[in-house]
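K.L.:
Residues per chain are reported as follows:
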Amino acid sequence: MRILKAFSAFYLNDRLTGLAGLALLVLILIGVFGSMLPLGDATAIGAGPRLGPPTWELPLGTDELGRSYLPRVVQGIRVTFLIASIAVMLTAALGALIGMISAYVRGWVDGLIMRLADVMFAFPALILGLLVAALIGPGDVSVVTVIIAATLPLFIRVVRAVTLSLVERGFVVAAEVAGASRMRVMIIHLLPNITGAVLVQLTYALSVGMLIESGLSFLGLGIQPPYASLGSLLRTGAVYLTIAPWMVFSSGVVLSLAIMSVNLVGDGLRDMLDPLRGRSLR
Amino acid sequence: MSAQLIELVSASVTYHSGPMWARRTVEAVHKVSIEVQPGEIVGMVGESGSGKTTVGKLCLGVLQPTVGKVIFDGHSPIDRSSRRGQMAVVLQHPEWALNPRLKVEMSVAEPLSIQGGIASREKIRRIEEALTMVGLDAGFAQRYPHELSGGQRQRVAIARALITRPRFVVFDEAVSALDVSIQTQVLNLIKQLQTEGGFASLFISHDLAATRYVADRIVVMRAGEIVEQAPVRKFYDRPSHPYSQALFDTIA
Amino acid sequence: MTPLLSIEDLAIEYVTRRGVVRALDEASLLLTEPSVIGIVGESGSGKSTMGLAIGRLLPSFANRLHGDLKLEGNSVFDANDESIRGLRRKRLGFVFQDPMTALDPTMKVGRQLVYAGGDSFGQNEALDLLARVGLPDQARVASSYPHQLSGGMAQRVVIALAIVRKPALLIADEPTASLDASLRDHILDLLVSLRTAMNTGVILLSHELRVVLRHCERVAVMYAGRVVEDGKISVVFANPGHPYTLALLAAAPGRERPGEMLQPIPGIPPVLSGRAEGCGFAPRCRFAGARCQVERPVARLVANRMVLCHHSERIIDDPQKKDHAR
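Residue numbers (the working numbering), protein chains in the order written: chain G, 14 to 295; chain E, 8 to 259; chain F, 610 to 935.
Hints were generated in silico from the structure; no laboratory data involved. By construction, the Cβ of each residue, glycine as well, lies at the ideal position given by its N, Cα and C atoms. Check each hint, because a few of them may be wrong.
On the chain E side, residues computed to face chain G include the following (Cβ under 7 Å) [claimed, not checked]:
#, residue
1, ARG90
2, LEU98
3, ARG108
Generate the whole structure from the sequences, applying the supplied hints.
P.N.:
What follows is the structure, given as structure tokens:
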């Protein structure tokens, strides 16, 4: 119910955000239900000619093994979204906890956590990717780990900042004076009030996650065949760019669309929650 | 043997900031000694940076003095268990006085939940009693903070503060953010509740006019030190210290 | 003689997601010549909206429904973009509550003054101006960034910026609310002195009666989006003609005797969503009658002040009152 209200609020406030939200929804639905639609078999080798151009029966053409490309792209959307979403949810949970505790406890614990976060923040995601792939081998676990490592520091920072402003507020101090334990204050008073900030960061982290997944898979460090993600599809498609451009084109466009719509939705969310909205003069 | 409720004995609070090789030391409160008798309202007046909020925190035991002692009813230092059910606080900003995620009844009942050992039927009765006490009808219990005005939120904060019938309440700029017409409503409420409930109180404010209206005794602070302590009557007449006089002159 | 400021039946509403809020419900004010006028009002009275409206500084979701606002004969709401900018630059000055958000944190103070002063205003003129607003050690202040100054000093700089082009009218909205009480009177004295020094009208918006009583010559009391009483300080405070003014004076601590109980005003200020039927104060007024619920009061001249009330005569003669302008 609240989601529907949010969507209509989006559309009314800002057409672009509304459209982006719609596009995002479509992509997610395709990713979730795509395999049930009669779009073809992603694994059927030789269903058509190799590197065949788009036709009516094979709307996005075929890849180098003759598989219909459309179901491959659909699977690609699903895998990319799934990996990024799982990673980002884990990051949100971890980041919220660590950031909140860090800001509430202060002292040397806070200092240590912040310094660790700074170090993590300094590592470019792809370098981390190489490192992790070298340690535990390429694959989906590797990608999830890298996404978490790359997005966690920002989450911790944001949650910590929000918590710092919360702990000074009347209702928190009143609870402490009344004798509430730290645990109680964190669960009842702090956690429910940081969800707004977490939500906004979540959407940004999602787009970062999708980019990282695609980048790592493009380098061959991420999703391995026969599974396909948008990144790994780009990897094979790039080889045949000059003779079968529809492969790179379709997976590239879909990836760009996905990331752009997540970003726009994130922007829209942030603007909606921003208290300084509409302050421009006439 | 005087049975004072709260006593600060030459308490000082020092803050350090900056890196190890360039430490800056700020003394927020310097050798402050105060007593609060049971059932007495002590008004604490001073400008921002005078240390009055820090003294409030010392009295509540949420801050420990760097030097000196704080004694509450014989306990020193004050910890969470000695405080539970005995102390409460009402702060300045009505917009942050209540947890926006909790209904009014949950916010008001929280000190009871923390204290523990109260049956839910008794809890409901106490919530209703507390709301009526601050002039809000029982229907307010089901509302959320964003549905209330600033004055109403402060009243709920006061209800929450008094629900465990504490012996000591700190009001830190509790009426400063309210409109004048509402301010007086809340000041009258504080006076009335204090007469009925008999709690001791520290009323902290930068506004001498509002403070002398509620207090029995006034302490004037400046730059971390007490410059004058006297019965409130003196502050209707003429205080002794030049700084107090300067504050007094802004009212007339 | 064109009046300095003429506000006639101005109605302004804010359109928000949660509905429409009417901030000004036909407010009127007339300043024929430069003077120091205090506008007293609590939250929801509309005083800040009126102050901002003078410079057409309202946010994009504010709508003027009807009524007019003329500065030196020029209609503010009908002016095109270029002329309103010219008015804001040359004829108006604003001082708001928080000096730190009014100053550019990335520019030294002296440079901000020179930048605002326009042609033929240089470093020397800036130093003179800083001296005029009571700042010692002008060279040091001019080469400081805003965050290096104390609150009181920063507010003086803001005042300097506001008067740099010798405006016709200066509007100060709670200028001392974030400053310590010891500084309050000095800053307000400075503002008031501008009237004689530069022949600038000063409009002081405040929720504190004491402040207005001490520093202004004239007071306009606002409630529920209208100016309900308007007259000289000595007239209005000695003998209020509107029940709200009367109640406000009785409710504010500071004038009571030791042990005396203050009379608060019961209820809360209204939030209007449309034109008020009848008098906006009626629900909280102890003099209210049936007429007050349905008939909007019209501005009348009673005992030397303008008042918006059906029962002013009764209130002025009320024996229960005391003299508040002692």
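K.L.:
Against this structure, judge whether each hint is valid.
P.N.:
Tested hints:
no.	hint	in the structure
1	ARG90	5 Å, holds
2	LEU98	4 Å, holds
3	ARG108	4 Å, holds
Going down the numbered hints, you'll see the structure goes against none, and every one checks out.
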